[in-house]
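> This is what each chain is made of:
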Amino acid sequence: MKKQYKTPVRFFWVLVGLIILQACHPYPDSVPITDLDTTTTIYNSDDLATAPTSAAIVWEVLHIESGDDSDLPYDGGADDEILNSTLDELVILYGQDSVVIISETATPPLYNPATYPGVRIIVPNVDPVPYIEAVYAPSVLLREKTVVIAYPGYGWWGGWYGGYWPGYGGCYYCGYPSYGYVTYEVGTVLLEMSDLRQISPTGIIPDDYDYSWVAIMRGLLGSTVGTQERVVSGIHKAFEQSKIYLQP
Amino acid sequence: MWSFNYNMSFGLGEQADYIADNSFRGWGLEGRGFLTQNMSVGGSFSWEVFDQIYRDLEPTTLSTGVDNVSATISGVQYRYINTLPILVNAHYYLGQDGSVRPYVGLAIGTSYIEQRTDIGLTSIVAEGWGFAVQPEVGAMIPFGFTGVGANVAAKFRYTTQAGDTAFPISFFTLAIGFAFVN
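Taken in order, these protein sequences are the chains called A and B. Counted from 1, the first sequence has number 82 at position 82 by our numbering; the numbering is strictly sequential. Counted from 1, the second sequence has number 1036 at position 36 by our numbering; the numbering is strictly sequential.
Rather than coming from a laboratory, the hints here were simulated on the basis of the structure. Predicted, not measured: the structure shown is a model, and the values here were computed from it. Here a beta-carbon is modelled for each residue, glycine too, at the ideal position from N, C-alpha and C. Take the hints with a grain of salt, since some may be wrong.
[What the hints assert, rightly or not] Below, a list of computed lysine to any residue pairs in the SDA-like style, where the Cα atoms sit at most 20 Å apart:
no., chain 1, residue 1, chain 2, residue 2
1, A, LYS243, A, ASP46
2, A, LYS243, A, SER45
3, A, LYS243, B, ASP1056
4, A, LYS243, B, THR1061
5, A, LYS243, A, ALA51
6, A, LYS243, B, PRO1059
7, A, LYS243, A, ARG197
8, A, LYS243, B, LEU1057
9, A, LYS243, B, THR1160
10, A, LYS243, B, LEU1062
11, A, LYS243, A, SER233
12, A, LYS243, B, ASN1068
13, A, LYS243, A, ASP97
14, A, LYS243, B, LEU1174
15, A, LYS243, A, ILE33
16, A, LYS243, B, VAL1069
17, A, LYS243, A, ILE122
[To be verified] Per label pair, the in silico range of CB-to-CB distance:
no., chain 1, residue 1, chain 2, residue 2, range
18, B, ASN1068, A, PRO73, 56 to 62 Å
19, B, VAL1125, A, GLU229, 29 to 35 Å
20, A, SER45, B, ILE1176, 49 to 55 Å
The task is simple: from the sequences and hints, build the whole structure.
The structure is reproduced here in structure tokens:
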């Protein structure tokens, strides 16, 4: 190659390299953690062909843990937002008079009774059970790589259902929804709704009984960045995008 | 003649509805052999990348594969379209060697399309090969009699809906690069 061409040819190859690299370069350079937040809702259209008209919320956020060092450290700091934001949305959907809180005590922690005077508080094994068509149960996933597990026992509220819910069967399969394409990630907030109308008045539970609606708010607890706001926003989105079949 | 070009592309139609931003991340390599003084045939390969971040969108429906079970996801969407065409081309030139040579051309072939939407850590990917056609006009601008010159071209490419992608791809490209005559 003639010497006079060497410099422009080198320049050319550098330019070629830069142009190819800029096409290959990942976009964007970095991803804010909040951009990875997603709210996924799954529902059974048969179960919810008609929306429930009343609902209960289990006033406890279940912390799903493996009990070893792999669990995401979590002090329950977002439980307040998870419970009260869900209650807010239920009251919007069904009205105060059609929402009950299922609590282990008559004075549920993290709840201000003045907020919704019309919402009743039901203590298992103590209070008479009202007619309710749907039960919402919140949980947070703190263990790694959970696929399908059962809740760690029924807990106080599950047992209550089993023994005292008039007209309904007592068994609640409190496992993860079986929709296999969902990958749960540590830090995910889950909100599951059981449609009690699927259980016969004599208490017979269909073989394919499962959650009728599930909201999966990914990774909200995996970072300390704006956790409370992100939880509130995620729960609101879950109900907002499900309003068409959850609202009576 | 070989040319290497930097491509700036501007989406049209349904593609622009999906990603409104223009692409400034593209390049192309092209070879042409002259059959006569005014006509060449050859081939080309290029890569164009369109991308855009969308916030506050309506939720997206996901396929569950389970009867009577539907899923909806909301979140920030990172959208990408990658196009990688392999085309054969023919060009007709005006002017003479050593002078600016305007040309018109037509390229046809196939193009690999990847359309990807990332929502959180969920990727919705559609891809496939489509038939592509690309008319173009341009000019070779020689740097004296060195055998080296600049190439500028305006192209329009249409690719039929490829594989499971949602729409055909169509965009204008402005290409600027170097050309070598060997």
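> Indicate, hint by hint, whether the structure satisfies it.
These are the hints, each one checked on the structure:
no. : hint                             : result
1   : A:LYS243 / A:ASP46               : holds, 16 Å
2   : A:LYS243 / A:SER45               : holds, 13 Å
3   : A:LYS243 / B:ASP1056             : holds, 17 Å
4   : A:LYS243 / B:THR1061             : holds, 15 Å
5   : A:LYS243 / A:ALA51               : holds, 9 Å
6   : A:LYS243 / B:PRO1059             : holds, 12 Å
7   : A:LYS243 / A:ARG197              : holds, 19 Å
8   : A:LYS243 / B:LEU1057             : holds, 17 Å
9   : A:LYS243 / B:THR1160             : violated, 38 Å
10  : A:LYS243 / B:LEU1062             : holds, 17 Å
11  : A:LYS243 / A:SER233              : holds, 15 Å
12  : A:LYS243 / B:ASN1068             : holds, 17 Å
13  : A:LYS243 / A:ASP97               : holds, 19 Å
14  : A:LYS243 / B:LEU1174             : violated, 46 Å
15  : A:LYS243 / A:ILE33               : violated, 27 Å
16  : A:LYS243 / B:VAL1069             : holds, 16 Å
17  : A:LYS243 / A:ILE122              : violated, 26 Å
18  : B:ASN1068 / A:PRO73: 56 to 62 Å  : violated, 39 Å
19  : B:VAL1125 / A:GLU229: 29 to 35 Å : holds, 31 Å
20  : A:SER45 / B:ILE1176: 49 to 55 Å  : holds, 53 Å
In terms of the numbered hints stated before, the structure departs from hints 9, 14, 15, 17 and 18, listed from lowest to highest.
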